[in-house]
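S.K.: Just so you know, the sequences run in chain order F and S.
Residue numbering for the first sequence is 1 to 561, as defined by the numbering used here.
Residue numbering for the second sequence is 1 to 334, as defined by the numbering used here.
Incorrect hints may appear among the rest.
Derived SDA-like pairs: lysine to any residue, alpha-carbon spacing no greater than 20 Å straight-line [to be verified]:
{"#": "1", "chain 1": "F", "residue 1": "Lys-110", "chain 2": "S", "residue 2": "Leu-123"}
{"#": "2", "chain 1": "F", "residue 1": "Lys-110", "chain 2": "S", "residue 2": "Lys-206"}
{"#": "3", "chain 1": "F", "residue 1": "Lys-505", "chain 2": "S", "residue 2": "Thr-323"}
{"#": "4", "chain 1": "S", "residue 1": "Lys-171", "chain 2": "S", "residue 2": "Asp-100"}
{"#": "5", "chain 1": "S", "residue 1": "Lys-206", "chain 2": "F", "residue 2": "Ala-180"}
{"#": "6", "chain 1": "F", "residue 1": "Lys-472", "chain 2": "S", "residue 2": "Val-199"}
{"#": "7", "chain 1": "S", "residue 1": "Lys-206", "chain 2": "F", "residue 2": "Pro-179"}
{"#": "8", "chain 1": "F", "residue 1": "Lys-472", "chain 2": "F", "residue 2": "Arg-435"}
{"#": "9", "chain 1": "F", "residue 1": "Lys-531", "chain 2": "F", "residue 2": "Gln-514"}
{"#": "10", "chain 1": "S", "residue 1": "Lys-223", "chain 2": "F", "residue 2": "Arg-118"}
{"#": "11", "chain 1": "F", "residue 1": "Lys-110", "chain 2": "S", "residue 2": "Pro-94"}
{"#": "12", "chain 1": "F", "residue 1": "Lys-110", "chain 2": "S", "residue 2": "Val-97"}
{"#": "13", "chain 1": "F", "residue 1": "Lys-472", "chain 2": "S", "residue 2": "Asp-146"}
In case anyone wonders, no lab produced these hints; they're calculated from the structure.
On a predicted model such as this, the values are computed, not experimentally measured, just so you know.
Take a look at the letters that make up each chain.
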Amino acid sequence: MTSAPTAWDRARLALSLLAIDPDGLGGIWMRARAGVSRDRFVAALASAFPKTDIHRLHPAISDDQLFGGVDLTATLDAGQTVMSRGILNDDGSVLLLTMAERSEEDFAAKICHALDRRSQIVIALDEGLEEEAVPGRLSSRLAFHIDFDGLTHRDCLAFEVDADALEIAQRNLARIAIPAEMITDTTTVAARLGIADPRAALFTLRAARALTALKRGDVITNETLADVMQFVLGPRAMQWPEAAEEPETQADQQPQEETETESNLPENEILPLQDVYLDTIAASLPADVLDRLKSRQQTAGRATGSGAGEKRKGNRRGRPKPSRRGRLGSAARVDLVATLRAAAPWQKMRRDAPFAPDKAVHVRASDIRLKQFEDHSDRLLIFVVDASGSAALARLAEAKGAIELLLAEAYARRDHVALIAFRGESADLMLPPTRSLVQTKRRLASLPGGGGTPLAAGLEAALSLAASTKSKGLTPTIALLTDGRANIALDGNANRTEAVEDAQKMAQLIRAKQTPALVIDTGMRPTASLKDLAQDLDATYLPLPRADAHRVSQAVEAVLE
Amino acid sequence: MTQPFPFSAIVGQDDMKRAMILTAVDPTIGGVLVFGDRGTGKSTAVRALAALLPPIKAVKGCPYNSEDLHECPDPEILEDTKIVEKPTPVVDLPLGVTEDRVVGALDIEQALTQGKKQFEPGLLARAHRGYLYIDEVNLLEDHVVDLLLDVAVSGENVVEREGLSIRHAAKFVLVGSGNPEEGELRPQLLDRFGLSVEVTSPEDIKTRIEVIRRRDAYETDNKAFMRRWRGEDTKLRKRILTGRERLASVKADGSILEECAKLCIALGSDGLRGELTLLRAARALAAFEGADAVTRDHLRLVAPSALSHRLRRDPLDEAGSTTRVKRAVEEVLA
Numbered sequence: 001m002t003s004a005p006t007a008w009d010r011a012r013l014a015l016s017l018l019a020i021d022p023d024g025l026g027g028i029w030m031r032a033r034a035g036v037s038r039d040r041f042v043a044a045l046a047s048a049f050p051k052t053d054i055h056r057l058h059p060a061i062s063d064d065q066l067f068g069g070v071d072l073t074a075t076l077d078a079g080q081t082v083m084s085r086g087i088l089n090d091d092g093s094v095l096l097l098t099m100a101e102r103s104e105e106d107f108a109a110k111i112c113h114a115l116d117r118r119s120q121i122v123i124a125l126d127e128g129l130e131e132e133a134v135p136g137r138l139s140s141r142l143a144f145h146i147d148f149d150g151l152t153h154r155d156c157l158a159f160e161v162d163a164d165a166l167e168i169a170q171r172n173l174a175r176i177a178i179p180a181e182m183i184t185d186t187t188t189v190a191a192r193l194g195i196a197d198p199r200a201a202l203f204t205l206r207a208a209r210a211l212t213a214l215k216r217g218d219v220i221t222n223e224t225l226a227d228v229m230q231f232v233l234g235p236r237a238m239q240w241p242e243a244a245e246e247p248e249t250q251a252d253q254q255p256q257e258e259t260e261t262e263s264n265l266p267e268n269e270i271l272p273l274q275d276v277y278l279d280t281i282a283a284s285l286p287a288d289v290l291d292r293l294k295s296r297q298q299t300a301g302r303a304t305g306s307g308a309g310e311k312r313k314g315n316r317r318g319r320p321k322p323s324r325r326g327r328l329g330s331a332a333r334v335d336l337v338a339t340l341r342a343a344a345p346w347q348k349m350r351r352d353a354p355f356a357p358d359k360a361v362h363v364r365a366s367d368i369r370l371k372q373f374e375d376h377s378d379r380l381l382i383f384v385v386d387a388s389g390s391a392a393l394a395r396l397a398e399a400k401g402a403i404e405l406l407l408a409e410a411y412a413r414r415d416h417v418a419l420i421a422f423r424g425e426s427a428d429l430m431l432p433p434t435r436s437l438v439q440t441k442r443r444l445a446s447l448p449g450g451g452g453t454p455l456a457a458g459l460e461a462a463l464s465l466a467a468s469t470k471s472k473g474l475t476p477t478i479a480l481l482t483d484g485r486a487n488i489a490l491d492g493n494a495n496r497t498e499a500v501e502d503a504q505k506m507a508q509l510i511r512a513k514q515t516p517a518l519v520i521d522t523g524m525r526p527t528a529s530l531k532d533l534a535q536d537l538d539a540t541y542l543p544l545p546r547a548d549a550h551r552v553s554q555a556v557e558a559v560l561e
Numbered sequence: 001m002t003q004p005f006p007f008s009a010i011v012g013q014d015d016m017k018r019a020m021i022l023t024a025v026d027p028t029i030g031g032v033l034v035f036g037d038r039g040t041g042k043s044t045a046v047r048a049l050a051a052l053l054p055p056i057k058a059v060k061g062c063p064y065n066s067e068d069l070h071e072c073p074d075p076e077i078l079e080d081t082k083i084v085e086k087p088t089p090v091v092d093l094p095l096g097v098t099e100d101r102v103v104g105a106l107d108i109e110q111a112l113t114q115g116k117k118q119f120e121p122g123l124l125a126r127a128h129r130g131y132l133y134i135d136e137v138n139l140l141e142d143h144v145v146d147l148l149l150d151v152a153v154s155g156e157n158v159v160e161r162e163g164l165s166i167r168h169a170a171k172f173v174l175v176g177s178g179n180p181e182e183g184e185l186r187p188q189l190l191d192r193f194g195l196s197v198e199v200t201s202p203e204d205i206k207t208r209i210e211v212i213r214r215r216d217a218y219e220t221d222n223k224a225f226m227r228r229w230r231g232e233d234t235k236l237r238k239r240i241l242t243g244r245e246r247l248a249s250v251k252a253d254g255s256i257l258e259e260c261a262k263l264c265i266a267l268g269s270d271g272l273r274g275e276l277t278l279l280r281a282a283r284a285l286a287a288f289e290g291a292d293a294v295t296r297d298h299l300r301l302v303a304p305s306a307l308s309h310r311l312r313r314d315p316l317d318e319a320g321s322t323t324r325v326k327r328a329v330e331e332v333l334a
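Modelling step: build the complete structure from the supplied sequences, incorporating the hints.
M.R.: This is the structure:
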């Protein structure tokens, strides 16, 4: 490798290493669009694993196919039990996961269990765009993460893995020991890259061993380790390593742990080497890595946020969709009428077929139609309204007007609405989530004003409402209307500084929960502190003095989209 | 399949290990909930613990793990009535599991091919006298979790449907694990787990290196590694077994009960389950440690895992509930 290795070179190497030590490395996670390069890679799989079967799995595969069991349709037809053998019971085989980015958590958990038994290896083909990704539990169990982004088919020549070389390497593998200081180095480097999962360090060591075996070496060299770190640890890096901090913390820990000091090398000799490793990894990271790291964290957050609410894929409830062809499975409902209708045209032919069993209706597996439902998660707009003296006097009426406008739109979108008002010392849920426009209007009109501004309490109430409704499958959005002069702290004390601090903390909590929000400033003049609060919330800030009702509704629309 | 990782070789994570040992000493404590990051050894610990425990004696081929023939709810299906030794069962509950698979249902195969009504026992039957492990319990559907907790508390599974009526013993220790970032568990469900522990990735480099080192030794030189830890595991097993025998004789006097109540009141935990679990866990710990009576030290050690999941959430307290419990323990047991 004279020039910088491309993703394609890495993929080739990863495949060889995986074939040498399948138990220790788990598999490959490959982000690639369908195309020539991916097809060539998949074609090469057979040469790397000549003795094993390669099973193609898609995320919607049924449990029967995975775990085996009674093949119901075949049993019905044959009149005697027909068992099917599950793919996951085929020890030693390769699982090729197509469309891995569509994997649901439960599917990923099943595959992970197979990986944990060390019985199978997984090649996850991920065609995902930014927001979709393979579930973390699965990708963390695969040693190699490779991104084919930007590869043209000219870079990717078809290849075959040299089976003889692999066999020799497999035989040599057990003789190569992993030296203790390499364990130390790898773990430290992983920690400084912000990788919490201990699997990453393990994978690095195992891959280094496999690479040494492939090169027919007897000892793992530092160069080999550095090479491997590049492509095992590099893609997992969560933070840019900060070199200055680490030595101090290590020195701090020294005295506490006399019992466990086993490292036989002095710390200051290890560190430069670790820095060399870090530099190598840094060199291999693309230039825009910081942006990517950031976006990765965001995607991760978003993915978890949708887990409870938005993505609600029910196959039992919701708006019925046309039934589709499918297999019998525990999670599906058979659309009986559609199934019979599909079977009807064939009845005569099937009855007349030789050796046809004597049955009134002949139904074959291909006739089965399953019911499908589409269940949209409902949106919930939580209004958090400041009804304190300062706001009430100034613009409460106008704020009410803006809310009514939003209400009308929410009604048109069939969104749920909830209303929280804060005044005096606390916040009250004036209206639990509802779709009733009339009720909301009535409550709003009778909203009393006056007293202090317990902004933090209002946000707290919004947060708990958002959390509880999220678990019921709603997708909450918080709309805060206030003039921003928080003066009552969360404990009810009239302390302006504390009140502002509490509100800030609350806002950060709401942001941590990934709840979208919108701040509408109802003060006479735009308030700077409220702008900061909006930033803490990661919310759109909208000063009402300059915004007419139309712009408010546009802003809300933008946040909801 | 290789042997599971030895329990005593797990580095750190003392809270989790203690909680699991306590449920092995006294299964009535009622399950452990382990919340934490990926790769912190949650599933390793469960499997390791089951491998550590002595084998159970059961009727050969009985899907209900019955101790003797009278216990088996459906003796007709047995081909053999011999009593054999089985390893302590650990049943994995996959996500997306249906209620039928959990509680058992009509055996469709038998019904179709022979027209016989035959009950096919579910996962609950298989977990009897062992462990039921749910990875990602927070992603499991609520009604399934409800059902599991019900059975875990009553120790009996009752099925009445499709013209079947069957009841069988299902006494198991429920171990749930999950990553709180991927969704939270409803408070009602939280409360019904006996103990809860939070695990985090080890922060300091030394511990992390030790984790990697042992794991590597386990994978590359399995035999030597297992031999190295066998002694420790055997010692631990003996302590657990002695603990079980001593459990009934461990005393808890009035002052200890009072402390339990005071602690729960100070923390404002709802219901009496907190006190009961706290007492049971402390007693199990005393038995495990060979003490004759429960002391304040025992309470102090088990209080965080017995109570931290029963508190009302305070969103502004960033320290987390475990710290709150520790604070209260300092005050009450000062």
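S.K.: Does each hint hold? Answer for all of them.
M.R.: Going down the list of hints, with the structure as the test:
no.: 1; hint: Lys-110/F to Leu-123/S; result: holds (16 Å)
no.: 2; hint: Lys-110/F to Lys-206/S; result: violated (33 Å)
no.: 3; hint: Lys-505/F to Thr-323/S; result: holds (19 Å)
no.: 4; hint: Lys-171/S to Asp-100/S; result: holds (18 Å)
no.: 5; hint: Lys-206/S to Ala-180/F; result: holds (12 Å)
no.: 6; hint: Lys-472/F to Val-199/S; result: violated (28 Å)
no.: 7; hint: Lys-206/S to Pro-179/F; result: holds (16 Å)
no.: 8; hint: Lys-472/F to Arg-435/F; result: holds (15 Å)
no.: 9; hint: Lys-531/F to Gln-514/F; result: holds (19 Å)
no.: 10; hint: Lys-223/S to Arg-118/F; result: holds (17 Å)
no.: 11; hint: Lys-110/F to Pro-94/S; result: holds (7 Å)
no.: 12; hint: Lys-110/F to Val-97/S; result: holds (11 Å)
no.: 13; hint: Lys-472/F to Asp-146/S; result: holds (16 Å)
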